[in-house]
Amino acid sequence: MHTDPLLSIQNLKTYFQVRGDVLKAVDDVSLTIRQGETLGLVGESGCGKSVTAATIMGLIPMPPGFIAGGAIRFEGQDLLKTAESRMRRIRGSKISMIFQEPMTSLNPVFTVGEQVAEVVRLHENLPEKEIQERVIESFRLVKIPAPTARIREYPHQMSGGMRQRVMIAMALACHPRLMIADEPTTALDVTIQAQILELMNSLKRETGASILFITHDLGVIAEMAQTVAVMYTGKVMEEADVKTLFATPRHPYTIGLMRSIPIVGRGKQQRKLSTIPGSVPSLFNLPQGCLFHERCPEKWQACEQEPPPMIELGQGHRVRCYKYA
Amino acid sequence: MTDRAATKTSTWTRITDPEDRHPFFDQVEKLFQNKTGVAGLIIITVFTLAAILAPLISPHDPVENALYDQLKPPVWQSGGSAKNLLGTDDLGRDMLSRLIYGARISLTLGVVSVGIALVFGSFLGAIAGYKKGWLDNVIMRFMDIVLAFPHILLAIVIVAYLGPGLRNAMMAIGIINIPRFARIVRASVMDEYEKDYVTAARAAGARDLRIIFSAIFPNCMAPIIVQASLGFGAAILDAAGLSFLGLGAQPPTPEWGAMIAEGRAMILRAWWVMTFPGIAILLAVLGFNLLGDGLRDALDPRLRD
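Residue numbers (the working numbering), protein chains in the order written: chain A, 14 to 338; chain B, 2 to 306.
I should point out that these hints are in silico values taken from the structure, not numbers from a laboratory. Cβ coordinates follow ideal geometry from the N, Cα and C atoms, glycine included. Hints may be right or wrong, so weigh each one.
[To be verified] For lysine-lysine, the following DSS-like pairs were computed, each having C-alpha atoms within a straight-line distance of at most 25 angstroms:
hint : chain 1 : residue 1 : chain 2 : residue 2
1    : A       : Lys94     : B       : Lys31
2    : B       : Lys132    : B       : Lys196
3    : A       : Lys94     : A       : Lys156
4    : A       : Lys107    : A       : Lys26
5    : A       : Lys107    : B       : Lys133
6    : A       : Lys37     : A       : Lys26
[Claimed, not checked] Partial selection, computed: residues in chain B whose CB lies under 10 angstroms from chain A:
hint : residue
7    : Val64
8    : Asp197
9    : Arg211
10   : Pro219
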């Protein structure tokens, strides 16, 4: 499955100016999402995954944010150089976004149907009747039961799972090429979480849209993604297709993350859950050299001096670690 | 999962069914549980009805002179008669009729001046709260300057410039109340701005003005409604003050403040000429303030249980 890239991010640098300091939230990140593919972006809180998403959408508040370099190519144009008026037409129609908190992402004073209709109205010049049909169609697509009645409900009348379905319906309403899902299931119960993930997978198959799936949950990534990028303090540490990454993780950070997943099992071989020692360094005070060296169990001398380059291991497996140089 | 949405039938069930109804009705119910709020609502309803039905219920023409009936006391005092229940003023005009027509003027004036303040104040406040930065600074510092003037003094300045008269008084009162609305709207827009649905609206490709006025603004209605209600009372009071000073309603208009000014000279001989309009102002302002407080209790999410 090697089709053309739909979105390619090259050496993106999104920085923030905070009290005289420059905070490198996203530093030299390159990612590629192909047609119909899901790219999983994993990392701990504050690693820059949401900022990456916001940069793609052009939603970084400037100031304090600024783009220090890089390019985001989408359908032949560089989104970073696209005028705001054009970006507005792309947002919500060609690239849409699903948020983490279905409880607060819907406007409490409008019916859910009205909110989905609003998105369609913004992007397509259709008669009101067709807009309503489109809304009902997208509610059907996300498997909301009794859509004709449900569109008249207010967000507070719906459960979290239903609201997230509405958010997905909203994201789908204009047939996007790319959906950015920023931790779409983190706020949901596990059972609902599984339903939503399955829904997103089947929608991806039906619509052929690509997904940028952001999460901190490696288990969810295994369900969803074809390619995975692991981020740490604003940099991509390792990138590979999902099978390779789970079978042969290379970066000590990725290995550490995998070990921190609790395994439910019986028998004596059950090991104690391991953790990564230390904590994520503050973006205000990043270490010299490799950003992970302070917590790394396998660090070398070089790690403390120069940041390692991205090293190609073949078949799209890339890792930012001296071990493989 | 059973689908209760499908079983929903009439508007009435949407109002009465506590599971399904719109939060608006919860707030109405909450307002009705508030005794002082209801008292305010009753007072205002009475005044409103009086204003609407003025030609039907007032016993006399409010501006018709009756020189034989000058300064008749109210009916319960010796010398009073059932013809003029609340007595007459120095030109023999029926006090009760003048008060009833005065309700018309005061309510119109409240609607117009609060309307002016609300429209301009909300617009400026919403822009300031959403855009932040220098625009916010320019707008709000200007509002601070307006607020720095004593209320009535600024109104006098504006009326002196525009010329005396009821219409200009309404405009002046509207203008001096703009900063109150601007401040409240700015604060609640700033609150709402942080919420995810605003980011979601931006991510959906909406432009700024649309986000402010069609997504955020409806969520700021609660404090605006409260302020409008309180502002109504304040506007009536300010207008009465301007009219008392001769800058608002001109004779023979039966405006309450103007009536107090006319009755001032004969307070010792005929107390009723000045007292009844005073009571009318008191009750109207009290009514709006009670309702405003009741609405605040019903609408403020922090006071919700």
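Hints, verified against the model:
Under the criterion of a C-alpha separation no larger than 25 angstroms, the hint pairing Lys94 (chain A) with Lys31 (chain B) is inconsistent with the structure, at around 52 angstroms. Restraint check: the Cα-Cα separation between Lys132 (chain B) and Lys196 (chain B) comes to about 15 angstroms, which is no more than 25 angstroms; the hinted pair holds. Of the pairs offered as hints, the one joining Lys94 (chain A) and Lys156 (chain A) is violated, with about 38 angstroms between alpha carbons and a cut-off of 25 angstroms exceeded. A threshold of 25 angstroms between alpha carbons decides the hint, and for Lys107 (chain A) with Lys26 (chain A) the separation of about 23 angstroms falls inside it, so the pair holds.
At most 25 angstroms may separate the alpha-carbon atoms for a hinted pair to count; Lys107 (chain A) and Lys133 (chain B) exceed this at roughly 29 angstroms. Of the pairs offered as hints, the one joining Lys37 (chain A) and Lys26 (chain A) holds, with about 7 angstroms between alpha carbons and a cut-off of 25 angstroms not exceeded. For Val64 (chain B), the interface hint is violated, since its Cβ never comes within 10 angstroms of a Cβ in chain A; the closest pair sits about 47 angstroms apart. With 10 angstroms as the threshold, the beta carbon of Asp197 (chain B) comes within range of chain A, its nearest partner Cβ sitting at about 4 angstroms, so the hint holds.
Nearest Cβ of chain A to the Cβ of Arg211 (chain B): about 8 angstroms, under the 10 angstroms cut. The hint holds. The interface hint given for Pro219 (chain B) is met, as the beta carbon of that residue sits about 4 angstroms from the closest beta carbon of chain A, less than 10 angstroms.
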